[in-house]
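Trainee: Chain residues, written in single-letter form:
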Amino acid sequence: MQFKLVQTLSVAAVVAAAFSSPAAFASEKIIKIDGSSTVYPVTEAVAEEFQKATKTKVTVGISGTGGGFKKFCRGETDISGASRPILQKEIDECKANGVQFIELPVAFDAITVVINKKNSFAKKMTVAELKKLWEPAAQGKVKTWKQVNPAWPDSPVALFGPGADSGTFDYFTEAIVGKSKSSRGDFTASEDDNVLVRGVAGNEGGLGYFGYAYYEENKDTLDAVAVIEKEGKPAVLPSKQTIEDGTYQPLARPIFIYVNATSGAFKPHVKAFVDFYLEKGRPLIEEVKYVPLPENDQKAVIAHWKALKPGTGFGGHAEIGVKIQDLLSRIK
Amino acid sequence: MNTEASTLKDLDAVRSMIKRHKLNDYIFGAVGLSFIMLILLTLLVLFIDLIIDGYPKLMSWDFFTSFPSRRAASAGLLSALVGSALVMIITFVSAVPMGVAAAIYLEEYAKKNWLSEVIEVNVTNLAAVPSIIYGLLALGLFVYILDFGTSILTAGLTLGLLILPVVIVATREAIRGIPVAIREAAYAVGATKWQVVSQHVVRYATGGILTGVIIGMARAIGETAPVITIGALTFIAFLPPSPVTTSAPFLNFDWLWSGFTVLPIQMFSWLSRPGADFHVNAAAAGAVIIVVTLLMNGIAIRMRYNIRKKIKWQ
Chain A
1 MQFKLVQTLS VAAVVAAAFS SPAAFASEKI IKIDGSSTVY PVTEAVAEEF QKATKTKVTV
61 GISGTGGGFK KFCRGETDIS GASRPILQKE IDECKANGVQ FIELPVAFDA ITVVINKKNS
121 FAKKMTVAEL KKLWEPAAQG KVKTWKQVNP AWPDSPVALF GPGADSGTFD YFTEAIVGKS
181 KSSRGDFTAS EDDNVLVRGV AGNEGGLGYF GYAYYEENKD TLDAVAVIEK EGKPAVLPSK
241 QTIEDGTYQP LARPIFIYVN ATSGAFKPHV KAFVDFYLEK GRPLIEEVKY VPLPENDQKA
301 VIAHWKALKP GTGFGGHAEI GVKIQDLLSR IK
Chain B
1001 MNTEASTLKD LDAVRSMIKR HKLNDYIFGA VGLSFIMLIL LTLLVLFIDL IIDGYPKLMS
1061 WDFFTSFPSR RAASAGLLSA LVGSALVMII TFVSAVPMGV AAAIYLEEYA KKNWLSEVIE
1121 VNVTNLAAVP SIIYGLLALG LFVYILDFGT SILTAGLTLG LLILPVVIVA TREAIRGIPV
1181 AIREAAYAVG ATKWQVVSQH VVRYATGGIL TGVIIGMARA IGETAPVITI GALTFIAFLP
1241 PSPVTTSAPF LNFDWLWSGF TVLPIQMFSW LSRPGADFHV NAAAAGAVII VVTLLMNGIA
1301 IRMRYNIRKK IKWQ
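Top line first, the protein sequences correspond to chains A and B.
Read in this note's numbering, the first sequence has 250 at position 250, and its numbers run on one by one without any break.
Read in this note's numbering, the second sequence has 1287 at position 287, and its numbers run on one by one without any break.
Calculated from the structure, these hints are not laboratory results.
Hints may be right or wrong, so weigh each one.
To be verified - Within a straight-line C-alpha distance of at most 25 Å, the following computed SDA-like cross-link-like pairs (lysine to any residue) qualify:
1. A:Lys131 <-> A:Lys179
2. A:Lys55 <-> B:Phe1238
3. A:Lys29 <-> A:Ala261
4. A:Lys70 <-> B:Leu1137
Unchecked claim - Just a few of them, taken from the derived set where beta-carbon distance is under 8 Å, the chain A residues facing chain B:
5. Tyr40
6. Phe187
7. Thr188
8. Asp192
Said to hold, decoys possible - Examples of chain A residues toward chain B, derived with CB under 7 Å:
9. Ala45
10. Val60
11. Glu217
Built from N, CA and C at the ideal position, the CB exists for glycine as well.
Construct the complete structure from the given sequences, taking the supplied hints into account.
Mentor: So, in structure tokens, the structure goes:
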């Protein structure tokens, strides 16, 4: 009987010990990162190298840009990856929880419009043509290539794009249709870009859009469309050079990390990580098929980070084609 | 003469009827067999396809001892394997005792009234609730209200909740299968209710209970949606603190609070990468998940067999 009592007590003690201190783990030096799946490959590469170099533990999750901001604004993560600027309601939420953030553009991505290899007529498209194809009014009506451009054949179009939760979808609709999230609904949507790749590759009339890295890896099965921003401007294919010099418009977009200002200022390991990201990140960004910022912009971002200036340069809404240095100078 | 002929005729009729029924038996057997072959074949083709695609990775030991990486060639499953194993421990510890106890109560102790009926209907319905709902519940309850964070503990408890109804339903079925004579015999020699339940009913039902537990665990190990909802990680290149330590008290529970990733999440994240080389990793991870599930089922079948052999109905 006595023995049983001792046993019971010890089990109780162990259980109590186990449940007593959630803070024990949190106090350890861990950098918690979450957010966009578009920024993930870059952050993962930096995290991997940083952890090797400094033995500081880093974790990265993929909750999407919006999901990442939810956690970030509750103060649960140190850094959040975002493929679009922070929105007003997210700024409000951060403010309500006393979370200040530092907005740092880290690289460029180019949303790439792709077509089937057999498609020989739509190698160049104007933004107006893309709009004709993707705007909500096209739903159920624009079904053939001829309807987009009379010079093209009367064959069916099959559209592929990311789902409505994606930052790529937000940016593309903003840049092409003119209003974020405003798109026709009758296209094949998938959060998995490889599904889009297979869809366009397997469909002669296929057209889709996704991040540049997916096009880079699938160049042999897909063709990119050269985009003409306005009448009279040249058709530009996405490439490292055209993204960097700003001629691939309007679909080149900066991707961001948002750093919790308190973490950035007072946690040395978080500060070291962001330093590493901005100073040693370039080759890693290229390795995962994104485009680093131009040298000058990079310097400006580093200066911005060193000054720990909180706030956003966007004012809570998306904006197309804004220059990095203009953006940074808006934050006082 | 006449009667003899009609008897013969009847006999023929009976024979042809037997023949017809045997044919029916045969046809049903063939249909049943072809269905089961179809299912097995599909699984086999999928499995073999995964193995062929993932072969280069499955053959390298590094795959099982490396952390996730941006390079497909050096990316491995270690943190996912350890994460899945630790999460499964919590799931087992939280769901099985509770599920079995609940089933015993419902089967043996609960009075048959409207309340127990409501509970019964609910338990059965819970088994069919989509797993993402459990993820949302866990996000609100474990992560935000109880402040367990996005930890192994949270994930284990979430999956525990998810399989609880499965365990309860299976345990009840197993208990119902115990012959009434066994209970009556035990009561006849003066056993109390608890003695009857613990020494006879549950003991003989262990085989069936185990089956339910394993089906539940096999479901839990393949779940992605609820674990992503509560915030499982994708890149984590370190292991949780070890549960066993070298100094007293030799047990350490810090791992409960650690971040984690699990096998299906690693597979999913590799599958959505742009590079084809990552798809090899995904296939290999898929094969590993299937092997782990098969192993768990195999162990369960073996244990059930051993337990059934030990029971002597005399």
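Trainee: Evaluate each hint against the coordinates.
Mentor: Results for each hint:
For the hint linking A:Lys131 to A:Lys179, the alpha-carbon distance of about 11 Å falls within 25 Å, and the restraint holds. Proximity of A:Lys55 to B:Phe1238 is assessed by CA-CA distance (about 10 Å); at most 25 Å being required, the pair is judged to hold. In summary, the hint linking A:Lys29 to A:Ala261 is supported, as the alpha carbons are separated by about 17 Å, within the 25 Å threshold. Of the supplied pair hints, the one linking A:Lys70 and B:Leu1137 holds, its CA atoms being roughly 17 Å apart against a limit of 25 Å.
Because the smallest distance between the Cβ of A:Tyr40 and any Cβ of chain B comes to about 7 Å, under 8 Å, the interface hint for this residue holds. Violation of the interface hint for A:Phe187 is found here, the shortest Cβ-Cβ separation to chain B being roughly 19 Å, above the 8 Å cut-off. Of the supplied interface hints, the one on A:Thr188 is violated, with its beta-carbon coming no nearer than about 16 Å to a beta-carbon of chain B, more than 8 Å. For A:Asp192, the shortest C-beta to C-beta distance to chain B is roughly 5 Å, which falls under 8 Å, so the interface hint holds.
At a threshold of 7 Å, the smallest CB-CB gap from A:Ala45 to chain B is about 4 Å, leaving the interface hint in force. At its closest, the beta carbon of A:Val60 sits 4 Å from a beta carbon of chain B; the interface hint therefore holds under the 7 Å criterion. For A:Glu217, the interface hint holds, the least distance from its beta-carbon to any beta-carbon of chain B being 4 Å, beneath 7 Å.
Hint check: violations occur at hints 6 and 7; the rest are consistent with the structure.
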